[in-house]
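A.B. asks: Sequence:
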Amino acid sequence: MAALSYIRSKAGWKGIGLIARMALSSIGPYLGWRPGAGPLYAGWDLSYECNARCVHCNRWKEKNDDEARLSTSEICRVARELKETGVRFVCIAGGEPLLIEDLPEIIRYMKGLGLITSLCTNGALLAERADALVSSGLDHMVVSMDGDARSHDRLRGVKGFFHLAEKGIDSVIQRRRNGQPTVSVRMLLHEENIDEIPRLVSRWDKTADSVFLQPLHNGTHNLYEIGNGIRTVSSTAKLRSILNMTGLDANSFNSLMVDYLEDPGRFRHMPCLAGHWVVRIAPGGDVYPCVEQRDLVGNLRQQSFGEIWRGNRFTCVREGLARQKSCSCFYNDMFMNVYLWKAHERLPVLRRMLRSRSAGAT
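Positions 1371 to 1732 (this note's numbering) are the ones given, in order, by the sequence shown.
Heads up, some of the hints might be wrong.
[Unchecked claim] When the alpha-carbon atoms are kept at most 20 angstroms apart in a straight line, the in silico SDA-like pairs for lysine to any residue are as follows:
{"id": "1", "residue 1": "Lys1608", "residue 2": "Ser1521"}
{"id": "2", "residue 1": "Lys1453", "residue 2": "Gln1673"}
{"id": "3", "residue 1": "Lys1608", "residue 2": "Leu1626"}
It should be emphasised that the hints constitute simulated quantities derived from the structure, not laboratory data.
Using the sequences and the hints given, assemble the complete structure.
C.D. replies: In structure tokens, the structure reads:
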């Protein structure tokens, strides 16, 4: 989603070229192609250390992984390998990446390599690190604002986080140069905060570069697990009405998200793009083809990223994911395939390809 937000905000020939590469990568699983260049996008959790205690996340509990995380010099080496393999986007996440002291230097190094860098943060430390982040050349950041102060702090597990994140976003926007980094405000959506969408839109729609919604969902492999009385969205008619009222339904992702929540099975004909234009890297250097962190394919202390990407283990996992229909997740169904799904709805040829692929898998 960070990659798509950045492309939308930075149009032009570069954006068109990146979208074209995404489209070609999306066709690969249909045709059984083995990708030549590396993935377009790498989601990279630099650390699981976190200053929040989110009720939907178990990453902050993973202390053992954090003790073995890659050093700054190792991160820079891996960044070079990603660039050499063909990666264009790196989304830095965690945990809370702003707790990493060397983060601005890491971003500056990635930018020097020509990588488009995005940051996913809870925003609590943004105000005090705003100058360093803007100076680093960061391209894009995603900051969570999960309803009003009460709802946000309940979800994040720390009182006062709402006001810290709000102050942090304003600090970055006031200090940035030539509109960079672009800022997306993301609301993690659940049944109890649907009514707070209009307030979020009125606060950020004219201030941030984009506002989007992401429904909470379970993802046990990547340490997301809803609990503490938080319920997934079930009031889809109400949600659709609010999106229409606020104008958020003009965004394809937001409007298709409601379709997904109503009938996830409708999206299950889409190919899995894991290992084609996306990979996930854990703090200790473990590499996974998918955002859900299934099917470990290698470790960056034992092999270079290029060796892992082209290796037999990755090839077998990639081919298996492209064939099977039993594996499905929100990330592939929505984040990776959202615009391909829009094309699928409108292009009979693509629909026939999908049905043929589905019948063959069955």
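A.B. asks: To test your reading of the hints: which numbers does this structure violate?
C.D. replies: none
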